[in-house]
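Working from the sequences, and respecting the hints, build out all of it.
What follows is each chain in one-letter form.
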Amino acid sequence: MLVPTSISATPNGTTRPQVRIVIVGHVDHGKSTLVGRLLHETGSLPEGKLEMLKAVSARRGMPFEWSFLLDALQTERDQGITIDTTQIRFRTGSRDIVLIDAPGHAEFLRNMITGASQADGALLIIDALEGVRDQTRRHGYLLHLLGVKQVAVVVNKMDRVDFSGARFAAISQEISAHLSALGVTPSAVIPISARDGDGVAERTPRIAWYHGATVVEALDALEPARPLEQLALRLPVQAIYKFDDRRILAGRIESGHLAAGDQIVVMPAGKVAKIKSVEGWPVTPINGSQTAGRSVGITLDRELFVERGDIIAHVGTSPRDTRRIRARIFWLHDKPLTTGASILIRLGTRETRAVVVAINKAIDPGELSSVETTSIARNHVGEIDISLPQAVAADPYGDNPRTGRLVIEVNGRIAGGGLVLSVDTGQRAIPVDIVPVESALRPDERSARYRHHGAVVWLTGLPGSGKSTLARALERRLFGNGGSPVLLDGDTLRAGLNSDLGFSAADRSENIRRLAEVATHLARNGHIAIVAAVSPSREDRAAARRLADMFFREVYVATPREVCESRDPKGHYAKARAGTLQAFTGIGNDYQPPTNSELTIDTSARSVAEATDAIEHMLANSEILFNELVDLAANI
Amino acid sequence: MHLLAPETSKDRSFWTEAPDGAAVHKFSPDQSSTQPSPTALLALAPSMDHLDALEAQSIYIFREAFARLKKLALLWSLGKDSNVMIWLARKAFFGHMPFPALHVDTGKKFPEMYAFRDRYGKEWQLDLRIEPCPPLETIDPTLPPAARSAARKTEGLKLALAKYGFDGLVAGIRRDEEATRAKERVFSPRGTEGGWDVRDQPPEFWDQFNASPPPGAHLRIHPILHWTEADIWAYTKRENIPIIPLYLANGGKRYRSLGDRDITNPVVSNAASIEEILIELDGTKVPERSGRALDHETEDAFERLRVAGYL
Numbered sequence: 001m002l003v004p005t006s007i008s009a010t011p012n013g014t015t016r017p018q019v020r021i022v023i024v025g026h027v028d029h030g031k032s033t034l035v036g037r038l039l040h041e042t043g044s045l046p047e048g049k050l051e052m053l054k055a056v057s058a059r060r061g062m063p064f065e066w067s068f069l070l071d072a073l074q075t076e077r078d079q080g081i082t083i084d085t086t087q088i089r090f091r092t093g094s095r096d097i098v099l100i101d102a103p104g105h106a107e108f109l110r111n112m113i114t115g116a117s118q119a120d121g122a123l124l125i126i127d128a129l130e131g132v133r134d135q136t137r138r139h140g141y142l143l144h145l146l147g148v149k150q151v152a153v154v155v156n157k158m159d160r161v162d163f164s165g166a167r168f169a170a171i172s173q174e175i176s177a178h179l180s181a182l183g184v185t186p187s188a189v190i191p192i193s194a195r196d197g198d199g200v201a202e203r204t205p206r207i208a209w210y211h212g213a214t215v216v217e218a219l220d221a222l223e224p225a226r227p228l229e230q231l232a233l234r235l236p237v238q239a240i241y242k243f244d245d246r247r248i249l250a251g252r253i254e255s256g257h258l259a260a261g262d263q264i265v266v267m268p269a270g271k272v273a274k275i276k277s278v279e280g281w282p283v284t285p286i287n288g289s290q291t292a293g294r295s296v297g298i299t300l301d302r303e304l305f306v307e308r309g310d311i312i313a314h315v316g317t318s319p320r321d322t323r324r325i326r327a328r329i330f331w332l333h334d335k336p337l338t339t340g341a342s343i344l345i346r347l348g349t350r351e352t353r354a355v356v357v358a359i360n361k362a363i364d365p366g367e368l369s370s371v372e373t374t375s376i377a378r379n380h381v382g383e384i385d386i387s388l389p390q391a392v393a394a395d396p397y398g399d400n401p402r403t404g405r406l407v408i409e410v411n412g413r414i415a416g417g418g419l420v421l422s423v424d425t426g427q428r429a430i431p432v433d434i435v436p437v438e439s440a441l442r443p444d445e446r447s448a449r450y451r452h453h454g455a456v457v458w459l460t461g462l463p464g465s466g467k468s469t470l471a472r473a474l475e476r477r478l479f480g481n482g483g484s485p486v487l488l489d490g491d492t493l494r495a496g497l498n499s500d501l502g503f504s505a506a507d508r509s510e511n512i513r514r515l516a517e518v519a520t521h522l523a524r525n526g527h528i529a530i531v532a533a534v535s536p537s538r539e540d541r542a543a544a545r546r547l548a549d550m551f552f553r554e555v556y557v558a559t560p561r562e563v564c565e566s567r568d569p570k571g572h573y574a575k576a577r578a579g580t581l582q583a584f585t586g587i588g589n590d591y592q593p594p595t596n597s598e599l600t601i602d603t604s605a606r607s608v609a610e611a612t613d614a615i616e617h618m619l620a621n622s623e624i625l626f627n628e629l630v631d632l633a634a635n636i
Numbered sequence: 001m002h003l004l005a006p007e008t009s010k011d012r013s014f015w016t017e018a019p020d021g022a023a024v025h026k027f028s029p030d031q032s033s034t035q036p037s038p039t040a041l042l043a044l045a046p047s048m049d050h051l052d053a054l055e056a057q058s059i060y061i062f063r064e065a066f067a068r069l070k071k072l073a074l075l076w077s078l079g080k081d082s083n084v085m086i087w088l089a090r091k092a093f094f095g096h097m098p099f100p101a102l103h104v105d106t107g108k109k110f111p112e113m114y115a116f117r118d119r120y121g122k123e124w125q126l127d128l129r130i131e132p133c134p135p136l137e138t139i140d141p142t143l144p145p146a147a148r149s150a151a152r153k154t155e156g157l158k159l160a161l162a163k164y165g166f167d168g169l170v171a172g173i174r175r176d177e178e179a180t181r182a183k184e185r186v187f188s189p190r191g192t193e194g195g196w197d198v199r200d201q202p203p204e205f206w207d208q209f210n211a212s213p214p215p216g217a218h219l220r221i222h223p224i225l226h227w228t229e230a231d232i233w234a235y236t237k238r239e240n241i242p243i244i245p246l247y248l249a250n251g252g253k254r255y256r257s258l259g260d261r262d263i264t265n266p267v268v269s270n271a272a273s274i275e276e277i278l279i280e281l282d283g284t285k286v287p288e289r290s291g292r293a294l295d296h297e298t299e300d301a302f303e304r305l306r307v308a309g310y311l
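Protein chains in written order, with my numbering: chain L, 1 to 636; chain A, 1 to 311.
Treat the hints with caution; some may be incorrect.
[As the list claims (entries may be wrong)] Mimicking BS3-like on lysine-lysine, the simulated pairs with C-alpha atoms at most 30 Å apart in a straight line are:
#, chain 1, residue 1, chain 2, residue 2
1, A, Lys91, A, Lys122
2, A, Lys91, L, Lys276
3, A, Lys91, L, Lys274
4, A, Lys108, L, Lys242
[Unchecked claim] The calculated label-pair distances, taken between Cβ atoms and stated as ranges, are:
#, chain 1, residue 1, chain 2, residue 2, range
5, A, Arg129, L, Thr284, 26 to 34 Å
6, A, Glu276, L, His211, 39 to 47 Å
7, L, Ala208, A, Asn240, 52 to 60 Å
8, L, Arg59, A, Asp197, 51 to 59 Å
None of these hints come from the bench; they were simulated from the model.
C-beta: ideal position from N, C-alpha, C; glycine also.
Okay, structure coming up:
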């Protein structure tokens with residue numbers, strides 16, 4: 001979770017910058033001890049807490065440890081390691097610090113990442129006796145990958161090396177070299193003894209040779225994250241709400257600003273509109289500019305098809321639409337990520353399936369050595385190319401840190417994440433080795449012959465509603481008029497092109513996507529593709545509409561369920577009732593009727609010929625079929 | 001060889017770097033005690049203040065939960081935190097709360113709390129579901145008294161879950177309340193028994209939430225996890241959100257946290273207004289839940305309850 005950093009309004013009216021800090025490093029190098037000591041030194045401990053823990057320690061017959069403060073969980077005390085992220089607040093001279101402790105144990109890297117991803121700055125802790133370890137390097141690396149640039153290093157347990165200035169210098173040099181190679185310059189390298197307090201809030205005589213900042217001073221000098229207002233507008237759409245007759249697009253402004261009257265573009269579709277109003281509650285509309293970090297709701301001046309995952313931007317500074325992304329990722333899943341893996345990615349509010357088409361690099365950041373490049377193992381990082389079934393809007397991380405990062409999900413659980421390095425652009429970005437060949441004929445040459453433009457007539461409805469019958473009648477009618485209709489029947493395509501697909505939600509979506517792709521291709525080439533498919537999911541049909549865009553004409557075959565079941569032309573209802581047909585749409589409530597179809601037909605109330613007439617009229621009125629009278633009139 | 005070649009490392013440099021490009025901070029001994037320089041304050045020009053930022057984040061979480069879960073409910077304890085949550089939900093959904101408010105009722109709340117529930121349940125047009133808890137006799141008798149009483153609530157919650165089949169419960173816990181709560185995720189999966197596996201929490205970063213609980217399990221959604229007690233009061237005041245008067249001092253005492261009548265004690269206080277509460281909080285080091293008996297009964301009483309599904 002990332003709370004936009006801002007001025008902290010304290011009850012007495014003063015304003016103090018709030019900075020979030022993470023403390024990372026190798027397990028047992030003393031993070032929890034340092035946190036306990038920091039809380040004590042800044043006077044931030046709850047009354048009685050220290051005494052309570054000292055009493056607990058005494059009862060258990062063990063010496064008091066500062067780390068007990070954080071290890072408040074029974075399970076942790078038993079095992080003696082910090083297992084999760086804890087947030088603690090305290091104050092330095094000029095900052096409110098939110099301290100996010102993060103575990104050092106390699107087993108819990110996911111928790112370290114959860115903690116560090118929220119931080120503005122970091123303390124990297126190193127044991128003076130043990131020096132730089134693999135987990136030290138790994139954490140240094142991940143800080144960088146997560147975008148945490150402000151790093152101070154603390155060399156702890158100086159009491160164990162007799163406060164040796166030489167030992168400190170050697171470690172300081174090694175870690176500075178490592179971090180510099182990653183592009184990070186530590187703001188300070190501080191010798192401390194967290195247990196005894198040297199270097200934490202005070203430069204004690206034992207470290208008299210050190211003249212730099214103490215830990216508290218280093219924290220006090222950290223800057224809050226820079227606001228994202230100066231960047232171009234990015235408003236990822238979280239949801240579309242229809243409350244009180246308003247159609248509100250809701251989301252959080254990730255960067256830039258917006259106001260009513262702005263010309264915006266919805267990506268990846270590239271559709272343009274104007275912001276009619278910024279809605280709010282209890283006061284609405286909200287006037288003035290809304291800036292990065294705000295959760296807003298807007299209405300547009302026209303009805304555009306917008307869905308969750310789209311990104312709203314200003315015309316001229318929109319993100320790119322892409323079907324191929326190169327990303328630098330870290331991997332947290334037990335099973336290595338391999339080339340060819342089918343994954344789910346989340347980019348902003350967009351969720352999409354994707355395929356890993358290449359793994360270019362894979363390394364263990366602890367060892368800093370490149371390893372095999374066909375897979376990325378757990379806790380390793382790498383560079384991958386991913387290919388997406390449909391275009392998404394994305395920015396390279398360098399252009400926009402908020403819309404330039406993604407997470408990868410495996411089995412419904414976040415398994416990795418990373419930064420977008422580059423996107424391939426283009427309305428229909430295609431892998432580089434594929435060169436599409438356009439038809440030799442222009443669309444208008446075909447339409448001159450067929451007397452119609454290309455179209456996708458999408459018939460949706462329950463099984464048995466009459467879609468196929470209607471589709472065949474329409475095909476005959478259009479062909480009879482000299483046109484070029486092509487029937488794409490859902491079941492027919494399932495027997496061939498889509499024979500690899502089942503009836504899970506994902507497979508149904510893919511089935512619809514392929515139907516829509518083929519239909520759109522036909523429409524682009526001047527044919528009228530007549531699709532007859534149950535297509536129960538509103539979301540899937542919306543995706544089809546977006547793909548086919550201006551060619552799309554949806555016809556809802558709204559025959560009542562009882563009539564469909566009594567017809568049962570394929571015997572499916574009977575089988576489903578008997579329990580021998582699984583995942584059948586029609587018995588349950590899993591058909592989502594269209595709300596914005598171009599035409600609705602109830603075949604129980606009309607003959608096939610009348611229904612076909614209705615579709616033909618709709619096509620004529622929506623400028624697919626040429627109006628012969630108008631054409632004649634133009635030629636007189 | 002490593003991935004962060006020099007030419008690519010710059011692409012990430014600008015947003016955490018200071019505006020003058022100085023990622024490296026110079027230290028001088030006297031700098032620590034001074035206020036931030038005027039230029040530092042200028043760079044932080046507050047187009048959003050602290051409460052705005054908290055609010056925006058909570059709204060974002062509410063909308064994510066509503067978009068990604070099928071059957072949500074908000075746990076309304078009638079306390080200050082859950083009232084702020086309802087307010088935030090209505091902001092997120094433009095005056096509406098498009099899912100039920102669930103009150104798991106022990107029957108032992110203060111009369112002021114029931115009056116509050118009955119009034120604002122109507123006024124805020126909530127889809128209010130009141131679920132009674134099972135009798136105390138059915139609860140593990142080996143628990144200390146207050147913990148046992150609270151465990152009743154856990155059972156009541158389990159019954160409500162079974163009855164309605166919610167896949168997401170919005171709960172008003174905060175990280176600053178109690179050490180175990182600090183470990184929480186914003187979207188926190190619970191087992192089929194409602195239990196919390198603190199050792200196996202999925203990673204959660206960049207506001208990307210794990211929203212696919214395994215079949216039979218549910219998610220806890222924590223929209224105000226990042227708020228503090230002082231934040232809650234400052235926001236309650238700013239937004240003019242109604243509160244139960246028990247929070248304000250009466251005869252030198254007030255309730256900082258409201259639970260069951262028999263296991264909640266007032267604290268010594270003269271804070272008779274929200275402003276005074278805020279001033280009091282600024283100086284106090286006494287934990288918020290100190291009036292809650294169950295937290296102190298045994299060292300691990302609270303955590304045992306959490307693992308069993310207590311909020």
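Structure versus earlier hints, numbers of those that do not hold, lowest first: Hints 4 and 8 contradicted; others consistent.
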